[in-house]
Amino acid sequence: MAEQKARRRAAAFLTSQYDDDGNDIARKAGARATAMKHSFHAIIIQSFAACLIVMMLTYVMTFWANTEVRFMLVIAIGFLLIYIALPLLMLRFEHEKSQTIRAFLRRRIKICYGDVTGMDMVLQVCLIPFMLCLCTILICVTLVMLRP
Numbered sequence: 504m505a506e507q508k509a510r511r512r513a514a515a516f517l518t519s520q521y522d523d524d525g526n527d528i529a530r531k532a533g534a535r536a537t538a539m540k541h542s543f544h545a546i547i548i549q550s551f552a553a554c555l556i557v558m559m560l561t562y563v564m565t566f567w568a569n570t571e572v573r574f575m576l577v578i579a580i581g582f583l584l585i586y587i588a589l590p591l592l593m594l595r596f597e598h599e600k601s602q603t604i605r606a607f608l609r610r611r612i613k614i615c616y617g618d619v620t621g622m623d624m625v626l627q628v629c630l631i632p633f634m635l636c637l638c639t640i641l642i643c644v645t646l647v648m649l650r651p
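Residue numbers for the sequence shown follow the working numbering, beginning at 504 and rising by one.
Simulated from the structure, these hints should not be mistaken for laboratory data. Incorrect hints may appear among the rest.
Just the calculated beta-carbon pair ranges, DEER-fashion [said to hold, decoys possible]: (1) Leu646 with Leu583: 17 to 23 Å; (2) Arg573 with Cys638: 39 to 45 Å; (3) Lys613 with Pro590: 16 to 22 Å; (4) Cys615 with Leu646: 40 to 46 Å; (5) Asp618 with Val572: 42 to 48 Å; (6) Glu571 with Leu591: 28 to 34 Å; (7) Leu649 with Pro590: 35 to 41 Å; (8) Thr620 with Phe566: 36 to 42 Å.
Every residue, glycine too, gets a C-beta built ideally from N, C-alpha and C.
Sequences and hints are given; from them, build the entire structure.
What follows is the structure, encoded as structure tokens:
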């Protein structure tokens with residue numbers, strides 16, 4: 504009897520919306536989503552998308568002459584459009600239009616891992632795509648220069 508009661512209590516706990524400390528999980532997740540909803544400025548997503556587009560254009564200019572590679576480039580361009588269009592569409596509905604980029608870079612933004620400044624967020628989101636774009640350009644220029 505006690506074992507069945509313990510099982511029922513464990514099952515109720517697993518389906519419960521409260522964590523070990525009694526905090527409402529749904530409310531906490533909703534607060535995080537609300538805090539993160541307006542955390543990105545449009546310039547961050549646009550610069551991220553610009554890096555990916557420049558990288559793809561570099562591949563197109565380098566490898567368009569080869570027929571087999573052209574087929575893969577068309578597929579990659581399709582995936583890139585989906586990968587970029589969805590965040591831009593979501594940004595269109597969620598963006599605060601009254602905030603300037605200077606105010607965004609100075610503002611402290613609360614995310615689920617703590618507070619960061621706008622400049623830190625720009626660096627975290629855009630540094631890797633920018634470096635990948637730069638490396639892609641250098642590799643493709645080297646390949647073009649080494650072609651017979």
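Do the hints match the structure? See the list:
1. A hinted range of 17 to 23 Å holds for the C-beta pair Leu646 and Leu583, which are about 20 Å apart.
2. A hinted range of 39 to 45 Å is violated for the C-beta pair Arg573 and Cys638, which are about 23 Å apart.
3. Checked against the hint of 16 to 22 Å, the C-beta distance between Lys613 and Pro590 comes to roughly 21 Å, which is consistent with it.
4. Take Cys615 and Leu646: their Cβ atoms lie about 42 Å apart, and the range 40 to 46 Å holds.
5. Take Asp618 and Val572: their Cβ atoms lie about 46 Å apart, and the range 42 to 48 Å holds.
6. Take Glu571 and Leu591: their Cβ atoms lie about 31 Å apart, and the range 28 to 34 Å holds.
7. For Leu649 and Pro590, the hinted distance range of 35 to 41 Å is satisfied, since their beta carbons lie about 36 Å from each other.
8. The beta-carbon spacing between Thr620 and Phe566, approximately 40 Å, falls within the hinted interval of 36 to 42 Å.
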